[in-house]
Amino acid sequence: DQQVKQNSPSLSVQEGRISILNCDYTNSMFDYFLWYKKYPAEGPTFLISISSIKDKNEDGRFTVFLNKSAKHLSLHIVPSQPGDSAVYFCAASRNTGNQFYFGTGTSLTVIP
Amino acid sequence: NAGVMQNPRHLVRRRGQEARLRCSPMKGHSHVYWYRQLPEEGLKFMVYLQKENIIDESGMPKERFSAEFPKEGPSILRIQQVVRGDSAAYFCASSLAWGRTTDTQYFGPGTRLTVL
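As you go down the protein sequences, you meet chains Y and L in turn.
Heads up, the first sequence stops at 113 in our numbering, and the numbers go up one at a time, no gaps.
Heads up, the second sequence stops at 174 in our numbering, and the numbers go up one at a time, no gaps.
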């Protein structure tokens, strides 16, 4: 039962343009969301998070948007750089419980 | 300032053997989480431990899998009598506290288990 879904397995973007990675979730109890970035042969690295009391959180080139009514969040990277090429995982957690629920990941390729 | 360390990075076992995966959390972290990533899938939570305690093992298969985090030493994920379906990347993460809004989980590089 995949409670966090990333329906695009891959995305290619030109350097300098905006990358938009999408994530949908089914559990309305989720109230905290994160994005992780993963390079091959490495563990995921925390990128940015957002609490359900907000609808936007920005950190440099990275912005996460949360639409609670649609159970949808997105990660915007602008401008995209070749070093951003990696697999991006969306994750969610709920107030009770001790785990993050991860999506299946989106592989981003930024073309120079 | 070492991060989360996992060893071995690669482990090959034959069916029926035991696999032991080790995880040393970041310095000062007392919360450890194990995740498994099967091919073409996302990371799936397995177990959450604090020192000497299993807090949540709701993601652990009921048989053959066990985990511990002793007072001294690394956390160990143990898989007995491995089968081919156990082949996956196993990631360990650690946090200073329960890694939600107060902190986040920092991941190790993973152990890639291959069962022949």
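No wet-lab data here; the hints were simulated from the structure.
There's no promise every hint is true.
Stated by the list, open to error - DSSO-like mimics (lysine-lysine), calculated; alpha carbons at most 27 angstroms apart, straight line: (1) 57/Y <-> 38/Y; (2) 102/L <-> 72/Y; (3) 85/L <-> 120/L; (4) 120/L <-> 69/Y; (5) 69/Y <-> 55/Y; (6) 6/Y <-> 109/L; (7) 102/L <-> 38/Y; (8) 38/Y <-> 120/L.
All of these numbers come straight from a predicted model, not from anything done at the bench.
Hints versus structure:
no., hint, result
1, 57/Y <-> 38/Y, "holds (19 angstroms)"
2, 102/L <-> 72/Y, "holds (20 angstroms)"
3, 85/L <-> 120/L, "violated (31 angstroms)"
4, 120/L <-> 69/Y, "violated (35 angstroms)"
5, 69/Y <-> 55/Y, "holds (9 angstroms)"
6, 6/Y <-> 109/L, "violated (32 angstroms)"
7, 102/L <-> 38/Y, "holds (16 angstroms)"
8, 38/Y <-> 120/L, "violated (30 angstroms)"
The structure shown violates the earlier hints numbered 3, 4, 6 and 8.
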